[in-house]
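Using the hints, position chain B against chain A.
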Amino acid sequence: MRLKGAIFLILLWYFVSAFTELPHPHEVAETFLILLLKPEPVLGKTLIQHAYASLFRVLTASLIAFTIAIPLGIVSALNRTLMELVTPLVEALRPIPPLAWIPLAYIIFAPLPNTVQISQIFIVFVGAFFPCFISVFDYSRNVPEEFLEIARVFRAREKLILRDIVLPHSLQGVVSGVRIGLGVGWMSIIAAEMIATSGEGLGYFIMVMYKVGGRTAEIVAGMAMIGIIGYVMNLILLKSEKLVMPWR
Amino acid sequence: MVEGLRKSYGNLKVLDGVTFSVEKGEFVCLIGESGCGKTTILKIIAGLERPDEGRVEFKDVIRPGFVFQDDRLLPWKTVYGNILFALKAMGIEDGEVVRRIIDFVGLKGFENYYPKQLSGGMRQRVGIARALAVNPDLLLMDEPFASLDARTRERMQEELLRIVEGKTVVFVTHSIDEAVYLADRVVVLSRRPSKVVRIIEIEIEKPRDRNSEDFIEKRKEIYSALRFK
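Line order of the protein sequences matches chains A and B. Going by the working numbering, the residue at position 90 of the first sequence is 456; the numbering climbs one at a time, nothing skipped. Going by the working numbering, the residue at position 73 of the second sequence is 570; the numbering climbs one at a time, nothing skipped.
Keep in mind that the hints were calculated from the coordinates and are not lab data. Please note that a few of the clues may not be correct.
[As the list claims (entries may be wrong)] Which stretches of chain A does chain B cover? Using the computed rule of at least three CB atoms under 8 angstroms from a CB of chain B, they are:
id, segment
1, 481-495
2, 503-516
3, 601-613
[Said to hold, decoys possible] Below, a sample of chain B positions facing chain A; criterion: calculated Cβ distance under 8 angstroms:
id, residue
4, Leu571
5, Lys585
6, Lys613
From the three backbone atoms N, C-alpha and C, an ideal C-beta is built for every residue, glycine too.
Okay, chain A solo, but in the shape it has when bound:
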């Protein structure tokens, strides 16, 4: 099945390349493999170095986002006052895509020494925070009645209900929130890097290759790297779900 899909994609690619500027798959593959270890002359960095830079920003920002979103999601689902305080805020900010924050972020953080780096981390933070918060909040808030009925039958106290029913149930929300949040964060960093000069990063690399001109194979190679990393991150998180939740 997968093999058939891959063959089809490559054939389609060749077909489209015949009529457009899109480089042929073998050209892209060649460029990709060369750039993996050999520095590209304009920026003087390998594709792996660019990928590492982007990945580092995403992981830092996502880690901060999750550290806040997970506890906040659980607590605001359980505490009425906090819920009334936090949910309107979230509802107001959530529809604004992280990419829309890019210009404002660069302005706000301009006085700081590391403007670009901090702005980019902020943008990824925005991207990763909301999906994670919402997922955790929803799961913590909607514990199925059937489980709560067990608690009532056995006359479990609040603390036990929280520890043995609410928290394990919201773990599902944490797991999918982290996965979706990281995905959105990864898309956000690429966009954020395209706007400002950051010296390295996959988004920056693609943009510079575009500006230099005539480097279409490099652009597609960079895109391929973005796709591969996004896919692998998602796969790792999917696999680790079974480790975190062995009962599923």
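Frame of chain A, contents of chain B only:
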């Protein structure tokens, strides 16, 4: 013990004066068609719901154990963890009790299995073990074997009698055969809004032979009581 229960959900009248009593150590089956409010009666006895009218009276303070129709286990807890949960709710955290109960209901070796890894019959055993762990004075069971296949169901019925021997049990079912096999007394409920139609004593020695004449006789008796309008 249960006196004149009435209960409606909105305009839907479910219970229309249900009265019966249960003696200590007795196995009572409530039988009636689907949707006749059997589960509601059980929930009222357990204190999960309130009747609109009527009351449930206990001679002593009781601690009920409840077995749900679906096994209702916590999916993130193992067999051991699910049973321990009931004990923790009581403020006891005694692994020894859990192990003894696991042994008793025939789940030895499955302590660390998650509900998803167990068959329907096994899950129901865990449900029963969890209810028994709190050492209940009254065991309330809501069609616990309804979703099991016929063979497993009969085997579970046989084992249940061994497991709950001497305990007071109120067991809801819609299976006549199950009621005659298990019960000392069968409370036959009418269709919704339900009332008690008849109370039938079953004095056949346990374990009962499902093909004996007495057994078939009782089955017919309940059958005609259920058809009575």
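Hints versus structure:
1. 481-495: violated (count 0)
2. 503-516: Three-residue rule met by the segment 503-516 of chain A, so holds; n is 4.
3. 601-613: Our answer is that it holds, as 3 residues pass the Cβ test (under 8 angstroms) against chain B, meeting three.
4. Leu571: holds, 7 angstroms
5. Lys585: holds, 6 angstroms
6. Lys613: holds, 6 angstroms
Violated hints amount to a single one, hint 1; each of the other numbered hints is respected by the structure.
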